[in-house]
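There are 2 protein chains.
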Amino acid sequence: MGFKLLRVDLTDWSYRVEEVPDEILRKYIGGRGLGAYLAMKEIPPHINPLSPENKIYILTGPLTGTGAFESGRYHVVGKSPLTGILGDSNSGGQFGPWLRFSGYDGIVVEGASDEPVWISIVDGEVAFHPAKKLWGKGVVYTEKLIRKEMKTPSEHIGSVLAIGPAGENLSKIAAIMNDKYRAAGRTGLAAVLGYKKLKAIFVKGSRKIEVVDKEKFKEESKKVLDKIMKHSISEALGKFGTAVLVNIINAHGAFPTKNWTRGTFEKAFEISGEYLAEKYLVSNKGCWGCVIRCARVSKVDNGPYRTPVSEGPEYETIWAFGANNLIGDMEAIIKLNYLANDLGFDTISLGNTMAVLRELYEKAQKGELPEDKAKELLDLLEDIKPDWGDPDSFIQAVWRTAYRHGIGDYMAEGAARLAEYFGSPDSAIHVRGLELPAYDPRGINSMALSYATSNRGGCHLRAYAVSFDVLGVPEKFDPLAIDKRKVELVKYQQDYFSVIDSLVLCKFNTFATDVPDYVGLLQAAMGWDDLTSEELLLTGERIYNLERLFAVREGHGYKDYLPKRLMEEPIPDGPAKGKRAKEAMEVYLPYFYELRGWVDGKPTKETLKRVGLEEFIDLGA
Amino acid sequence: MGFKLLRVDLTDWSYRVEEVPDEILRKYIGGRGLGAYLAMKEIPPHINPLSPENKIYILTGPLTGTGAFESGRYHVVGKSPLTGILGDSNSGGQFGPWLRFSGYDGIVVEGASDEPVWISIVDGEVAFHPAKKLWGKGVVYTEKLIRKEMKTPSEHIGSVLAIGPAGENLSKIAAIMNDKYRAAGRTGLAAVLGYKKLKAIFVKGSRKIEVVDKEKFKEESKKVLDKIMKHSISEALGKFGTAVLVNIINAHGAFPTKNWTRGTFEKAFEISGEYLAEKYLVSNKGCWGCVIRCARVSKVDNGPYRTPVSEGPEYETIWAFGANNLIGDMEAIIKLNYLANDLGFDTISLGNTMAVLRELYEKAQKGELPEDKAKELLDLLEDIKPDWGDPDSFIQAVWRTAYRHGIGDYMAEGAARLAEYFGSPDSAIHVRGLELPAYDPRGINSMALSYATSNRGGCHLRAYAVSFDVLGVPEKFDPLAIDKRKVELVKYQQDYFSVIDSLVLCKFNTFATDVPDYVGLLQAAMGWDDLTSEELLLTGERIYNLERLFAVREGHGYKDYLPKRLMEEPIPDGPAKGKRAKEAMEVYLPYFYELRGWVDGKPTKETLKRVGLEEFIDLGA
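Those protein sequences? They're chains Y and W, same order as listed. According to the numbering used here, the first sequence holds residues 1 to 621 in order. According to the numbering used here, the second sequence holds residues 1 to 621 in order.
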């Protein structure tokens, strides 16, 4: 069907269009996989992520904007300023489909502009606009101004992707936002757009997304839809949003609390999805073409945390801002979520970074930091007093971080660099520089492997082991039992999810579906009649290995590990009391390498050959 | 004694030194007078204040840094982006004397730099430094980083002048700050430095400030010092700071409350100097060489408004942030004061602008704004709910204003433009675009004339009629009585204060002193043995007329008037209940013009000749 790539060169505000050959699509599909391949081919090794040589790939997949359900997403890829290796992130809302409708299946952002710029793409026509007036503006207001300029006030028509002040000011934890409240948040790629001075992209158009075999596609879609609609998790997500997990994960003692020093939070219920639904919910909402509708629309009417009607907060945000900072006030969390979105932050990274600040502050007072660093920290805090549980210091810190003001200049670098600078590197809970999300692997032990081996750093979306350790999909395991079958499932998910992210679909499909469901859809959409489940899964494995090769080529970031606190310090409370990750990791990691055909985090030459990466065979161990 | 001017051209980071001829000094003294003269000669008419053609004059006077008491100040002059006419402002602390000690009596900032820059001046040596790392930083942290770079940690040695993010982002209500907490705040000249990309100036040195006749100078200084030390107002200022005025002005029903709609505030005591001294004061503090020590050093230890040890708040700030916004919480005011200083705002202008926002918000809800404007305002407010008396919305708004985020983009333009844009121009209480300070002229009627005829716009420092209408200096008047002698005193003060600002001395001297006191000092310092009180007062009058000519030349800003609300709406409460300014103004203004020799706000040719401004005679009416 052809995959049209718009290459934008910001250096001289020019563009060209090219088509991705079908054999590349068959090998990497689209979205995440295609992005990894293009990045590997086009981004020179060892460049500074904040330099004109870096590129940002904004990609849809073969199912985006088709009738396939949960196909309203897009994927972003580039070299991450946070981790220094390949970064990528995925976002819902409306932008992905509207990008395709605008005439292109993906955008490659190259070079760097001297002055702020935004781009409009309407029915194939590309225009560059000076963005001086948008620079410094929040995401919400930026969308408003762009829609005014484009005479497209209705939020059901067209879509805006934008960075906020955080990205402009090169914060390494800045998120690429779209549709105001949706974030491609992880790995700080918004800073790359900030460096390139690209403030926003508007897309609109009436291109029809064709599939090769319409009838078959309709039929396959319906099959998948039925499975999704029938699944109990789909229902729970629609009713309580992702925050339905708060009570569940807390009950498992795996709800990281007070910067990962505890596994349960006594105020969990007050920040749960159930509580949110009862008190602050305006409605639920779905991405383009979604039937689950897990997004929240919420508001706070009065008081210091008043927040207008807006989207969120999600489970990860509630945890990162709430339990991890010991904040049990949902109103404060809603407001902070609004600010973080508007200023353009990855909420997981931001919440972790704030928790690190609190820990550093506590240590400084106890004399547990190097003396000069303690003094510098206390000086830099100015009027911020980041006591555990205090929301107001958080609100102040968010502004400072977005504009790199005072202590914010250090927070803008993310948790790892903040902790390192002030002499307490182990205070930052991260893998490869990426802050961990809302599941303590000491309480859900397969998450230990999932985090440690995630190519982009500490994340829950490469393999969501919670699905089998907690939610019972595909089958229920004891989250505290060390069981090698979990390793197989983690590897399977990593490969499977590589496919999902490349298609580009929502992972909430995967509670109800499996690889074969997508074979039929892809056959119908792309005309790949001989596609099999084995090939598709091998494609996922190819993508996973390719991503790892990017780190191998960089010479760092391929080591698989977990933070010391999680490896060695037993969790002090709750059902997982006494557990640490070390025991599981010692069993899991060697077996994982065996399954993957990796040595010390590096794919072997044999493995590369097996998964079809001969092209990069020189990088093999 | 020679007056050495350092001319800095930011375009190519070059400088040259020149000497101001003695005859110019004798005609304009220094500081404000010399600045007005140089601006008139050098700044071309009708230029945009935010363009490389504008210049900023940072000037000391013949008594700065000498043994003369209260000589620790400096004066800034330039074309104002807020008013579009001549702007100037005066500040204390340590910067003025250290500028002289560094080897220069004044700095003229010309041109504009392509990239952020800061300047160090040490014992005559001038160096330009890239300021990229300081850009975006708060004033407090900027000083810290510069002192580190200059290896001068002690705040008793050398001094830093800086702009904050507000100035960088060209806010028209931004203040030039020095010694962290001191502000040359009025008329927004920090935005001109922001445009020129000059972040800061560090000065240090060991030049000795010579006077012609040391013995006589010592003797004259002692005479003045005795008078100051003995005066009861000096004592009150030392004990309670400028905020000693809160209860006094409130008791007179002239304490503007809720954006100038009332004259008394029921929570005045809780924001008074007495309350501040009891609850939050760490110590008092003086500028260089000061015996009064009116500055406050305060802190808030805990709670949402926690503030580290820092200077302020002053009376005007307490009023602008407090009563005028209906905020009766001293802790919130202290925190807001800290933020405003650190971000670099004129607190009078900022407090007025916030009060206007509250009024606009109220009107929008009541349907009293044009429909489209009301909608736009409510949209732009996002999560800010600026109810009267709410401190949290203020804190949020300060950040937004500093970085021109959302509604802050409009607030950064100041009260007049904010009110105008949203269709309610009379909501902004200003003269010539400059927001009025903390005295309601309906309750102290000679302030009506003082405000209306102030050359730089609505200000209390051209003629401080409060001194006779309230404080009884030189004699006590009834503040509500219409009395033509007050007009004579206003004119006298305008001329006298022109001299004080040109010397450059603190106006708090003037409660205890009069013109003859400065004749002796100047004779001794400059060797102008034939100087008389008459000549000195005529010099003041010359300066006052010259400033007015700048507006005449611009073709606007010379009309003398008061805002409609003060002219026509009777004050509804307190001792001045039922009073409005119109009646007094109708008597005062014509007599004032008669005394000045002005016609409709313009000096006549005869007047210009009389005051020694033949050079500009063409501009005379």
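Quick caveat, the hints were computed from the structure, so don't treat them as lab data. The beta-carbon is built from N, C-alpha and C at its ideal position, and this holds for glycine as well. Hints are not guaranteed to be accurate.
Restricting the straight-line Cα-Cα distance to at most 30 angstroms, the calculated cross-link-like pairs of lysine-lysine (DSS-like) are [said to hold, decoys possible]:
(1) Y:Lys4 / Y:Lys363
(2) Y:Lys363 / W:Lys148
(3) W:Lys299 / Y:Lys366
According to the in silico footprint, chain W covers these stretches of chain Y (three or more CB under 8 angstroms from chain W) [stated by the list, open to error]:
(4) 128 to 141
(5) 306 to 316
(6) 332 to 341
(7) 404 to 417
These are the hints, each one checked on the structure:
1. Distance hint between Lys4 of chain Y and Lys363 of chain Y is unfulfilled; the C-alpha atoms sit about 53 angstroms from each other, more than 30 angstroms.
2. The straight-line distance between the Cα atoms of Lys363 of chain Y and Lys148 of chain W is roughly 25 angstroms, inside the 30 angstroms bound, and the hint therefore holds.
3. With a C-alpha separation of about 22 angstroms, the suggested pairing of Lys299 of chain W with Lys366 of chain Y holds against the 30 angstroms cut-off.
4. Residues of the stretch 128 to 141 of chain Y lying with their CB closer than 8 angstroms to a CB of chain W number 5, which satisfies the three-residue condition for coverage.
5. Here's how the stretch 306 to 316 of chain Y fares: 3 of its residues keep a CB closer than 8 angstroms to some CB of chain W, so the rule of at least three is met and the hint holds.
6. Interface restraint, the stretch 332 to 341 of chain Y with chain W: holds (3 residues with C-beta to C-beta distance below 8 angstroms; minimum three).
7. Remark: the stretch 404 to 417 of chain Y is confirmed as covered by chain W, as 4 of its residues place a Cβ nearer than 8 angstroms to a Cβ of that chain, reaching the required three.
Hint compliance for this structure: hint 1 is the single one not met.
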